[in-house]
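Letter by letter, the chains look like this.
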Amino acid sequence: MSDPTLSSAGAAATVGSPGLVSGPAGPRPRRRFSRRNIFLYGTLFVIAVYYLLPLYVMVVTSLKGMPEVRLGNIFSPPVEITFEPWVKAWSEACTGLNCDGLSRGFWNSVRITVPSVILSIAIASINGYALANWRFKGSETFFVILIFGAFIPYQVMLYPIVILLREIGLYGTLWGLVIVHSIFGMPILTLLFRNYFTSLPEELFKAARVDGAGFWGIYFRIMVPMSLPIFVVAMILQITGIWNDFLFGVVYTKPDIYPMTVQLNNIVNSVQGVKEYNVNMAATILTGLVPLVVYFVSGKLFVRGIAAGAVKG
Amino acid sequence: MSAQARPSQLFKNLNAKIASIPMILTALVVFVGGTFWTILYSFTDSKLLPRLRFVGLDQYERLWSAPRWLTSIENLLIYGILSLIFSLVIGFLLAALLDQKIRFEDTFRTIFLYPFALSFIVTGLVWQWILNPDFGVQKVVRSLGFDSFVFDPLYNSDIVIYGILIAGLWQGTGLIMCLMLAGLRGIDEDIWKAARVDGIPMWKTYLFIVIPMMRPVFITTLVIIASGIVKLYDLVVAQTGGGPGIASEVPAKYVYDFMFRAQNLGQGFAGSTMMLLSVAIVIIPWAYLEFGGKKRV
Amino acid sequence: MASVSIRNLDLSFGSVNVLKNLDLDIEKGEFLVLLGSSGCGKSTLLNCIAGLLDVSAGQIFISDKNVTWEEPKDRGIGMVFQSYALYPQMSVEGNLAFGLKNAKVPKDEIATRIKRAAEVLHIEPLLQRKPSQLSGGQRQRVAIGRALVRDVDVFLFDEPLSNLDAKLRAELRVELKRLHRQLENTTMIYVTHDQIEALTLADRIAIMKEGSIQQLADPHTIYNKPTNLFVAGFIGSPSINLIDGSIENDKAPVFNCSSGTINLKSYEFAAPVNAGKAVLGVRPEHVATGAAARALSFNTEVVIDVVEPMGSDTLIWTTLGADEFRFRVGGQTNLAPGETVLIGFDPAAASLFDHETELRL
Amino acid sequence: MKFTKTLLAGSAAIALSTSAFATDLEVTHWWTSGGEAAAVGEFAKAFDATGNKWVDGAIAGSGGTARPIMISRITGGDPMGATQFNHGRQAEELVEAGLMKDLTAVAEAGKWKDVINEIGLLDSCTIDGKIYCAPVNIHSWQWLWLSNKAFADAGVAVPANWNELVAAAPKLREKGMVPLAVGGQPWQTTGVFNVLMSGLGGKDLYLKVYDAKDAEVAGGADVAKIFSALNDAREMSRGSNVQDWNQATNMVITGKAGGQIMGDWAQGEFQIAEQVAGTDYSCLPGLGVNELLSTNGDAFYFPKVDNAEISAAQDKLAEVLFAPTTQVAFNLKKGSLPIRKDVDLAAANDCMKKGLAILAKGGLVKSTDQLISPDTATQIDDLMTQFFSDESITPEDAQKRFAGIIKSAD
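Protein chains in written order, with the numbering used here: chain A, 1 to 313; chain B, 1 to 297; chain C, 1 to 361; chain D, 1 to 410.
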């Protein structure tokens, strides 16, 4: 495995003094443009282009005026940069009678996402902890059912959950929606937390029990403080999932707490003559901004957390 | 040394049991309960509202004679198998590339991962656009002088599912890469040293030594990919709406459409029962292997 | 008075019986070592005593109280783990105080106890550090301290020194011994796979195999009078020489093997002698050479195969009849491979085992 | 199942007294495109003028997106004040389950029966003699929209009926134009088929198939002709790579396509594009063959609530929706025909006037929404969209499957 930072050591290998044994000496020569490096970085670069292309198209298009969108090709940079589509998407686009764009749903999305993320992670981490350290008869059966639940298409459960929420009187409320998000986030999150807690040294758990800490004591005092990476992973997954959710947000709540994605759907799906692609793209980026920022900021922790949570099974 | 009554098994680990109540309720009421509810009503002729008027296997007969359902199954199989293979292969290759102690690892990783932050709706929309022959790749290539260039996967029934696959992989492989990368980082460095001393080529080391060591990662990954495949819905709706014709229909969409658009709940439930059944066929043997035999303390 | 008593203990995971009908009494203030190779059930037994595992059958008493179903914290035990198991996010002081806080010990009492434990273990300067800032030896001291502050009657050690390097291990071993003397009336149960630790530390050693205790005795007895072939082979390094042969008991008992006949007149039989196939065990250090060998009741000439100088002494490998045979001579020896040398030993120091039952004869 | 029982228990008596208090009433609908939103704005304005407040709950995407939301809300026990449905059979079961409010009193007070253009529309709202919905407009599917510019470019006269369009198709193709724009969504392809059925086959055939659900007729020679015309339509639509109906309309507006079969709502798009009927585009009701319009349209339903104030506001809204002034304002913007025959649409343009004339002659026929269940409709959608996208399906195969669907239709 080459270390490119060493490659600056240069190509000068023939520095052996005359008269001494000639042949390899000193650091092995490494060329910056070795075939291996060209292949490696070339491949990465090409793949990176494939991954970046859609984002590029979205950004470029959102900065064009409609006439230019219609004429030009989607990959060409804007001739005349305009922020009007962004303004329109954020504060002017109409859905039905309300012409205040995405701004209407932004705070609702925050109001939905924050408690949902907190509750779903709290429940899933406790589940994972119980499954990893406090197994009881049947606990693994429940875990298998949860994994099974990960495969159930959300749409199938739409009706039963309507009935369920109605029976417990939470239908149409924010808390109803929070519970729904917690339920559907539970399978994968529980899996991650369980794997993570299993990978922690068991002796630590035993030591704490000898020290007299109980179920909650060990959870809050020992486990949680050690689990930052996996909490970050769970947070990222949940913020992404819940922020991007459309179906639950719209089925289980009322218009006054509709999340941002409902406005996005309305902007993108309601068409007035010609599709305003630039506004659609701006709206799309605006909606995706929160999870994107979360990713960019905590991407490093994400890999570390996954490394901690997924490796051990 | 007095004899002592053995504490009831019920109260053992009481706190753990109390803490697991949300999980137990979710598992039993929502997942098991919802599943049985769905299965029960799949034997009825429920239309808009669930009604217990049993019609035997009628819904299933109709389901399996509907061309759209058969197309959906076929599509899901093609998409599922290819998506599984490509996700794993691409995810692993990307992870292996990033694991070569390269420069700008953070940048590359972020680039590969960011699509995962976007919803399927957004993914579908963007790729619908890029693959649209009138503005997208086809038009650009043609404008370069290749007039006969044809690239319209979303408008060609035969290959539309691959058009969806392109977008699906774009969105999902980043996460798989992260999982794999995490797995690779968990491999003991000494393995690499040993392989190098033994003169085993790198690809062989990966294939025969490293990958078998990453079994737990692959299991987690498999669960995530497979659950995503079964639930495939939003992407299709946003990208093709099931079209052209019914060429890109998938089971989840069939279920949803029949439940809500066609107002034939019974038919939708029959479809979802078949989906749940096939999932159970995969999960139950796995669970048996994983938890059935051994017991760890 | 027994400090820890175990009666008819059974533990099984599914169909696997890990501990089988086990009985054990440990005196107050005793240092008991559970010795065995991995998988023999010694750590499992310790976890049962600690209450970290639920037993399948049987009873456990600590200080005359039946604790079979008590929580670990209520058993009056402290425990030290192989991996130290220090809470990484807490300072050393926090680690020491954690158990006491859980037991709702008053604040000033906690401070006193921590101070005392820190003095005993020489970790006063480390109290504010995090575990990650400590060396292995320091960590293990803190882990011991955590058991110490609990002010308990029984200490449980689960391979506490196995993660340390050889030098540190030797140091801490002595310190543990000193600690045990200091804390009179404190019972210590110590699990290890290292026989040197066992022999040096223990008042009594319990050698375990496949979930049952093979022999429970003081180190001297264990070493010199192993109760069966397994114990004989397990204890001692370099390990005991085993010679196959048979006992003949016409007038006086003799042991016939491929290299001759050995008179067993001086051997103390544990049971009435019966003729039959047997195994004779001779410790390498009980073998004499040269003139000293000639004086012994059994001697023979052997050809040296390999010479292993070990500093303080030297190990010589040869063959005796059909069996491989090792013996120990002084560090200054000038024996060389190929030489012929006269060796001899006294059956009184040897051990005889039945070939079938492998029990001591 | 106690699914409906608990809801029934909570129902309250209908308060008829007009409330003097301002009540917020949440109205769910899927009218989100430009013309639609403007039209629904007229309703909101009129309702707000009564002192109540219209809370808009627009959700784009009619069937698949909005309907499960509406149904979930109603069955979940937390209904909106009023909701849009296509009148017809979509809400039947909700009414039967007792989840919907009885509007008979409002209808009688407003003499709906006497002023309505087509009594069949009110019939669709009536179950067991009680009226449960307020129809607000009449939409008809049977329109062929033609781009005058496209035909001028191709050098042929603007067709006067379907057959002329078929004949002119090759000329349009030569110029690189799509003769018939058809959006990719299933409901649009079904629309084309149904229009061909009523337009080329006539009222009797249409009703025999969809009302009597006569599978023999559906598999017979008359319908075979329709499928052969559908084959022409498929041929002519090749190359229209659009999904949404208004994108297809836009092809007609810009002269990229010769024509489009689409309901009268397409007119709104021409208006927004400032096109003039007769000079920029032409419209042929009933494909220029059988001048027959179906009574598709929208209606509002009012879920039962146990809050007297809201209940009163619901009555008020029903009254407002049906009122003559609202009807005129709404339908002018929506491009649909008014539900009342006693209003004057002087401002209507050429195409609307053609429609009104047919209306006056009584050339109306029930829409498929009213005749067949959504389940059957979805199966036909699947068949049609598959037919249009897959050229390997012959008209004969398609007809055979169609007959099968009609046979099992309910």
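Derived by calculation from the structure, the hints in this document are not laboratory data.
Note that this is a predicted model, so its numbers are computed, not measured.
Be aware that one or more of the hints could be misleading.
Within a straight-line C-alpha distance of at most 27 Å, the following computed DSSO-like cross-link-like pairs (lysine-lysine) qualify [unchecked claim]:
1. D:Lys304 x A:Lys254
2. D:Lys175 x D:Lys203
3. D:Lys53 x A:Lys254
4. C:Lys265 x B:Lys17
5. C:Lys20 x B:Lys17
6. C:Lys225 x C:Lys265
7. D:Lys316 x A:Lys254
8. D:Lys149 x B:Lys139
9. D:Lys333 x A:Lys88
10. B:Lys204 x B:Lys193
11. A:Lys300 x B:Lys101
12. A:Lys137 x B:Lys17
13. C:Lys130 x A:Lys137
14. A:Lys137 x C:Lys225
15. B:Lys139 x D:Lys256
16. A:Lys300 x C:Lys130
17. A:Lys254 x D:Lys45
18. C:Lys209 x C:Lys265
For each hint, the structure was consulted:
no., hint, verdict
1, D:Lys304 x A:Lys254, "holds (17 Å)"
2, D:Lys175 x D:Lys203, "violated (36 Å)"
3, D:Lys53 x A:Lys254, "holds (16 Å)"
4, C:Lys265 x B:Lys17, "violated (68 Å)"
5, C:Lys20 x B:Lys17, "violated (30 Å)"
6, C:Lys225 x C:Lys265, "holds (17 Å)"
7, D:Lys316 x A:Lys254, "holds (22 Å)"
8, D:Lys149 x B:Lys139, "holds (25 Å)"
9, D:Lys333 x A:Lys88, "holds (24 Å)"
10, B:Lys204 x B:Lys193, "holds (14 Å)"
11, A:Lys300 x B:Lys101, "holds (15 Å)"
12, A:Lys137 x B:Lys17, "holds (10 Å)"
13, C:Lys130 x A:Lys137, "violated (37 Å)"
14, A:Lys137 x C:Lys225, "violated (46 Å)"
15, B:Lys139 x D:Lys256, "holds (17 Å)"
16, A:Lys300 x C:Lys130, "holds (25 Å)"
17, A:Lys254 x D:Lys45, "holds (22 Å)"
18, C:Lys209 x C:Lys265, "violated (32 Å)"
In terms of the numbered hints stated before, the structure departs from hints 2, 4, 5, 13, 14 and 18, listed from lowest to highest.
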